[in-house]
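Asker: First to last, the protein sequences are chains X and H.
Numbering follows the working numbering, in which position 381 of the first sequence is assigned residue number 392; successive positions increment by one, without gaps.
Numbering follows the working numbering, in which position 200 of the second sequence is assigned residue number 205; successive positions increment by one, without gaps.
It should be emphasised that the hints constitute simulated quantities derived from the structure, not laboratory data.
Mixed in with the good hints, there may be bad ones.
As the list claims (entries may be wrong) - EDC-like cross-link-like pairs, simulated, lysine to aspartate or glutamate; straight-line CA separation at most 20 Å:
#1 Lys386/X - Asp71/H
#2 Lys92/H - Glu210/X
#3 Lys90/H - Glu306/X
#4 Lys386/X - Asp59/H
#5 Lys386/X - Asp18/H
#6 Lys183/X - Glu210/X
#7 Lys82/X - Asp122/X
#8 Lys90/H - Glu210/X
What you are looking at is a predicted structure, and each value in this text was computed from that prediction instead of being measured.
Listed below, chain by chain, are the residues.
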Amino acid sequence: MNEFRTVLVAEIMRRVRSRAFKVGLVIGIVAVALAIKAPQLIGSALNRASHSIIVGGSASLNDRAAKLLSKDFAIEGVVSQPNAPAQLLTAHPKAGALVVVSAVGRGVVADVYARDLSFVSAETIKRDLMPLNLALATSASETAIDRYMNVPIALHSVNSKFASSAAADAAKGLAYGLLFFLYVSILMNSQLIMTSVAEEKTSRIAELLVASVHPSALLAGKIAAAAVLAVIQMASWLAVAYFVSGFGAGGSGLSMILRTVTPLEAIAFAVYFVLGYLQLSTVFAAAASLVNRTEDLGSLSGPLVMPVIFALFIAIYALGFPNSPLVTITSFIPIVAPFTMFARIGVSIVPAWQIALSIVINIAAVWAFAVLAGKVYRVGMLLYGRPPKLSQLWLAMRS
Amino acid sequence: MLQVDHVAKSFGDVVAVNDVAFSIPNGATFGLLGPNGAGKTTTMRMILGILQPDHGSLSWDETPVDGSARRRFGYLPEERGLYAKMKVREQIAYFARLHGLTKQLSQRRADDWIEQLQLSEYADRPAGELSKGNQQKVQVACAAVHEPVLLVLDEPFSGLDPVNAEMLLGILQAQQKRGTTLVLSSHQMWQLEELCSNFCIIADGTNRATGTLADLRAQFPTRVLRVSPATDAVSAVLDALPDARRLGMQDGAVDYEVGAGAPLPRILRDLVAAEAITRFEAIEPSLQDIYLRAIGQPA
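Extracted from the complex, chain X is given alone in its bound form:
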């Protein structure tokens, strides 16, 4: 236990002091802040441009059209019979488009002049002006027409976790975000372990270490240290995300979304992060003990990452089809389960026995991986020269 604690503390200190950790932490914090703020800033600029219009046309239609269009657009001005659209738009820099409404027969037509047509939705304008068109055709008021066009629909969920489709969409978005966060955290920290093991082997300090401390304690200390740092890293990112998205100002954006995380989801995230991380980090550490040069890590990590990418794809599929046979089965399979089961928990009601069984299977897998990785690590750290073939490795492990 003392050996483990000594390795744990030393590894944490070594990593925390490393430039890579400091830079990674700062870049992560800045990236999270930017990821939250940038879409808001860009979106607000785009919205202003695409949702501000000038209404122009015959005086008898302008006010009626402006009233209808104001449901979806900010009206920057109402102009009668404009004859120079380009100049008008230049004079109103906030406006993205000029909509000229004219009466034709027993209806209306609209001419839209925009700096960038991709900013203006013709469908939205058509929908907004529909009551005016029908009013002219039927002589009924636009208010009445508007009322007739809206059919009240009540949604009632059956066997669903969510009371409304909006709530379901929000949960799906949240699960998607957390899933991606889970994927990045597990993969990034497992690869850190891989680099750390390879560094010790290639710097030839490994033999001195395994003569001083039991290889299992050494491996366990390294993995636990990386987990501690991962938690610190994630906590800092989440804290930044929480505050940057408006928590301090009464709550908005991501902070509000994060508040919708249920205790089960929070626990599931923590449990499946630990399980996924332990499974992958042990495999990555064992593999890294077999390389002789850190340059070989790239070719080694490729095949190891493939199952994780596969798991992520299944998990994304699970967000849409949480109870499909493929998703249900894979939510018990080690390496894949931490992603798929978490996705299922995020968007559906998973029977408790399935969650329990999945956790038990994955804990057993962690134990099996740790035993196997420990054997490979013990042998691999002392092997130099050409990487051993699988058969040689197997024999060495058995001996």
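Mind docking chain H on chain X? Use the hints.
Answerer: Chain H in isolation, oriented as in the chain X frame:
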């Protein structure tokens, strides 16, 4: 006492150690000799518990070598390195901590070693910034900082320049004085002959000879006769001796290996009768001579 009792170790079809046995009294300095691939490193790894023997056993003071015994051992492997970015003082203290020393004691020992090795100006610099010689000093400190009862050094002199080799020799002599049991392997026989009191020569994973230098000489009872001038008449006298073997020429003299019981007065008389000899010397075999005979190579 370290007791290595007929240990064997294989890796698949490759037999690294077939049958090696020896014992080392406490405080002795022991030389483990053998050609490359003889099984020296594997034997050392078994002593340290890094590898478990397939057969046989190892004990320290009559207790099987286990994790707790290993914490009292020290090891300087042949292939050795350091954490390049870790500071020298921290690095030495870290290895002390790994061997179970308290934080305070680890730091004190690290400071002592830094002072002893004259590394004070580098103490707070990353090890990667040190010269190779200074890095080697730090490696030795890491291996011995916890004051091990048994210090195993695999080819400790390999790659050292004469100055650093002298420095290491000094450290090992200091360890001898404080009663540390030392196990060394080296290809530099003269250094081992100077340092070690006991030896084990292994080849192909098997014991070839064990004991003190006197024991080894008794196991390989030979002498080298060095005679000048190296004329045909001298060679004819020596060639006529039973079991004599010509070794070569050195400084104008001819060297012959003869049995330890060869009748030196009679040989000298025959040589004087055959030639006006200027030099007749009977030399005890060196460790190198015995080593070469033990592993089956011509001396």
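Asker: Can you give the numbers of the hints that this structure goes against, from lowest to highest?
Answerer: 6
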